[in-house]
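Could you put the whole structure together from the sequences, leaning on the hints where they help?
Letter 53 of the sequence shown, counting from 1, is numbered 53 in my numbering, and no numbers are missing.
If a hint is listed, it holds; no wrong ones were tucked in.
Taking CB as the label site, the calculated pair distances span:
#	residue 1	residue 2	range
1	S23	D77	26 to 34 Å
2	P79	F19	28 to 36 Å
3	F19	C81	30 to 38 Å
4	G40	S87	15 to 23 Å
5	H18	S87	30 to 38 Å
6	K41	K16	36 to 44 Å
Hints were generated in silico from the structure; no laboratory data involved. Heads up, the beta-carbon is just placed ideally off N, CA and C, and yes, glycines get one too.
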Amino acid sequence: METKYASFPPFKKELKEHFGYLSFNVTLINLDVIGIRLLGKFKDEVVVIIFRGAAKTGFMYEGSALTEEQVIKVYKDVPECFNDLTSYEEKFAGRLEVLAPQKDNYVFINEMEIVRKIKPI
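Right under this line is the structure:
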């Protein structure tokens, strides 16, 4: 799959430089967030598809140009399996881009790396 990274999502190095730290909500562990950037009439509108493992589990859309029905159609068109995104992008070449994070943008954690930063009340 040829991926287009642009500024989505930001690299962990850039996040750390900007904010001074990296944070996450542990309920989001092992979720992959893949952008589907539409081209043409809805240029640069992005529907975010969520995968847990290889299984499609949901979506987010924060834009305003697409109707609810159009967003749901994009979601339904995306393959159920993460591993099928390459053929999906090829099938819709020129109409959309798949925005996937670079493999080295993943961080693997262990219990020693999760530290409570606030004191309990």
